[in-house]
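The listed protein sequences correspond, in order, to chains A and B. Numbered by our numbering, the letters in the first sequence go through residues 1 to 112 in order. Numbered by our numbering, the letters in the second sequence go through residues 1 to 112 in order.
If you're looking for bench data, these hints aren't it; they were derived computationally from the structure. Incorrect hints may have been included.
[What the hints assert, rightly or not] Pairs of lysine-lysine residues, derived as DSSO-like cross-links and limited to a Cα-Cα distance of at most 27 Å, are as follows:
id, chain 1, residue 1, chain 2, residue 2
1, B, K71, A, K99
2, A, K109, A, K78
3, B, K3, A, K99
Remember, predicted model here, so these are calculated numbers, not experimental data.
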Amino acid sequence: AQTVTQSQPEMSVQEAETVTLSCTYDTSESNYYLFWYKQPPSRQMILVIRQEAYKQQNATENRFSVNFQKAAKSFSLKISDSQLGDTAMYFCAFTRTYKYIFGTGTRLKVLA
Amino acid sequence: DVKVTQSSRYLVKRTGEKVFLECVQDMDHENMFWYRQDPGLGLRLIYFSYDVKMKEKGDIPEGYSVSREKKERFSLILESASTNQTSMYLCASRPPGLPLRDFGPGTRLLVL
Numbered sequence: 001a002q003t004v005t006q007s008q009p010e011m012s013v014q015e016a017e018t019v020t021l022s023c024t025y026d027t028s029e030s031n032y033y034l035f036w037y038k039q040p041p042s043r044q045m046i047l048v049i050r051q052e053a054y055k056q057q058n059a060t061e062n063r064f065s066v067n068f069q070k071a072a073k074s075f076s077l078k079i080s081d082s083q084l085g086d087t088a089m090y091f092c093a094f095t096r097t098y099k100y101i102f103g104t105g106t107r108l109k110v111l112a
Numbered sequence: 001d002v003k004v005t006q007s008s009r010y011l012v013k014r015t016g017e018k019v020f021l022e023c024v025q026d027m028d029h030e031n032m033f034w035y036r037q038d039p040g041l042g043l044r045l046i047y048f049s050y051d052v053k054m055k056e057k058g059d060i061p062e063g064y065s066v067s068r069e070k071k072e073r074f075s076l077i078l079e080s081a082s083t084n085q086t087s088m089y090l091c092a093s094r095p096p097g098l099p100l101r102d103f104g105p106g107t108r109l110l111v112l
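Next comes chain B alone, as it looks inside the complex:
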């Protein structure tokens, strides 16, 4: 089974801090995703990476950046955290052309 892990289950940060959310998958998947999940809004795509060093903006990229230096690792960066970035962040991965089925356990981020 593919395993997608995220560096933290819960994280508390201060406004203005630089925040790194790490995601690692162990099955050599080319595609990796970062979603944000908010009540009443469902999951919204922040960034997508289709291969190492390749990325595309999703629907809500503002305030976020990403890094994919190695195939197994996809990092989401909040350059200067703000309270409106308090949310649940989900990472996912898949081989190209196959359904999205492998999600991480999520990181619940609170920005104070």
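Chain A with its partners taken away, still in its complex shape:
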């Protein structure tokens, strides 16, 4: 069975600094998709970034980028130039079909 592990329950970062959130997963499949979601205090879940396993190039969306290491089954999220609005719960997720497996989340607080 696939699993997704986020080992950092809470993190904090100073405004304008860079922070990296970790995610590891376990699967025997070769084709799959990985995602990072953000859930701010409003509770509205937002898709931040996605990565297709068959693509070697790391995905980037503005200040958000990933470090995808397929052999190590690692998928970390880097947030550059952190902003107060980045304060949220971040979830890593894995899918091959309709079923998304979510990690337990990392609560990120951006400090002014």
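Got chain A; can you put chain B on it based on the hints?
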């Protein structure tokens, strides 16, 4: 933009009550999902519907049922609410084959 709405943001019910959580999406998405979110456990799939009147059990279907009589509406039913069903419930929808990105605002349910 797709809008996914949930009937209540907060709900308080008594043990043994029958509870209906309603989810409506306005973009003709075939796939709809109900997740349960608990601290330290992330999001767990309760039920998935891939089309009208079609459903599949997720990882934690016990104590829940669903109804999808119309494409835009996906209802989660707690036949006899119990205290261990106190949680945040998230609904989501998507067209088949596309990333899961459209979530409702969540219903925080308290069962006393």
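Status of each hint after checking the structure:
1. B:K71 <-> A:K99: Holds, because 19 Å separates the two Cα atoms, which is no more than 27 Å.
2. A:K109 <-> A:K78: holds, 14 Å
3. B:K3 <-> A:K99: OK: K3 of chain B and K99 of chain A at ~21 Å, within 27 Å.
Hint violations for this structure: none, all hints satisfied.
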